[in-house]
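Asks: Put together the whole structure using the sequences plus the hints.
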Amino acid sequence: MIQKLHRLSEGISKPAQQFLKTDIRYLASGSFWLTVGKVASMGVAFVLSVLYARYLSKELYGDYRYILSVIGMFTVFSLSDIGVAITRAVARGKTQAFRRGTAVMFFSSFGMTIATLGAAVFFGYRGTAPLAWGFAATALLIPFVEGLGTWHAYLDGKKQFRQKTIYNIASQIFYGTCMTLTVVYIYMAHTPPWISLALLAGIYYLAHALPNIFLSLYVMRSVPASYAPQEEQDAIRYGVHLSLIKIPTTIANYIDSVLLYTYLGGAQLALYSFALAPTEQIKALLGNAASVGFPKLSEKTSTPEHMANLKKTLPVKMLKASLLTSLIVILYILAAPLFFQIFFPRYTASVAYSQIIALSLAFFPLNIFGTALKAEGDLKKIYIFQVAPPIVQILLFLLLIPSFHLWGAVIGKVAGRLTNHLIQAFLYMRT
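Residues in the sequence shown are numbered consecutively from 1, following UniProt numbering.
No wet-lab data here; the hints were simulated from the structure.
Keep in mind that a hint or two might mislead.
[To be verified] Derived pair list, reagent style DSSO-like, types lysine-lysine, alpha-carbon separation capped at 27 Å:
1. K320 - K283
2. K320 - K159
3. K380 - K317
4. K159 - K58
5. K320 - K381
6. K58 - K381
7. K158 - K94
8. K283 - K158
9. K381 - K317
10. K381 - K94
11. K159 - K94
12. K380 - K94
13. K158 - K58
14. K159 - K317
15. K317 - K283
16. K283 - K381
[As the list claims (entries may be wrong)] Label pairs and their calculated CB-CB ranges:
17. H190 - M429: 56 to 66 Å
18. G43 - Q233: 39 to 49 Å
19. F107 - Y55: 18 to 28 Å
20. A388 - E280: 16 to 26 Å
21. T180 - F426: 40 to 50 Å
22. P192 - F426: 50 to 60 Å
23. R346 - G93: 51 to 61 Å
24. Y185 - A352: 29 to 39 Å
25. T348 - I328: 16 to 26 Å
26. L334 - A225: 46 to 56 Å
Here the structure is a predicted model, which is why all the values come from computation and not from measurement.
Cβ atoms here follow ideal geometry from the backbone N, Cα and C, with glycine treated the same way.
Replies: If you want it as structure tokens, here you go:
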């Protein structure tokens, strides 16, 4: 089956290479395995979404999404982007940065644990027991999920996409099985809300933590234990910069869910979450090109001559790629009503929101400009495109959600993404 899919991708790559004028064979060989992994991940996410839609109340699912969103915002208390610096360093042959980067990222993630315990105490003090138990169940597991993800970065830097995909598929199957059993137990046992939330949030993080621990140790064994202080210091410094400037993006990614829950409650957040879910899966699938392209771009930006040539060719390629993603968006908009009616009948009110959000994916290929800027390592430009668009999006959410509720969140999401695309393109093409 895998061989047939590989032959199919090879057949598609030839006309695509002529149209985009780029090394599609490299992207196809790397993206093929990442796409296989992403399809497996999408399959698990889809099955779980159907289970959530059918067997969890909107209020319970909204509470669960709220907990994940708040913890997601707590990422600002960790150095989450050291993984990007590790990928960049490993792609340039500086594998020594992996061990030090992993240690720094792991211990920094305990800041999230402290913040999550604080949230548990806060909601317990307010008398919101279900949320308090939900946060408490995750706190000690967070570092093993958020702090041990550097094995992905190492394999990306080594371009070992096949190996990474196999590990990811195994992890996703384990996660999907654990969450399925949890949902079934909650439904069959009619557990009270505080137990249900603690189980959903706790098992979510436990099911990600266990594979992460095993795979981190396994990959670590294959990395030479050599010591290169300057290379390690450079990678850590770059990762710290990326993590700090990512703070506005992190807040922007989750503040819409937090505000919707605060103003409208769990049921409305559940509607919004299901409106986002399909488009987020499409976005993740399209994002494979960035994962595959980053090591290649890191090589191609290693000299001024390569950088100059890339600046001439990349914009045209990305505009052509946007035509392809626009076609995908149109197909999704047409299929969305039937898709929700069949699989998420309790959430058909989410269709219109989802269709509008999908429009923001039309120019998704322009994100590769941000990937190229990170590969170049121009911190000034990276600061601008990492800070300006999310601040715009945060302001839009703060202004629109209180007045326009769900539609305010949708408009803010689309406008923020388009702003991000345009700023990245402008900064990259600017000499």
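Asks: Need the list of violated hint numbers for this structure, in ascending order.
Replies: 4, 6, 13 and 19
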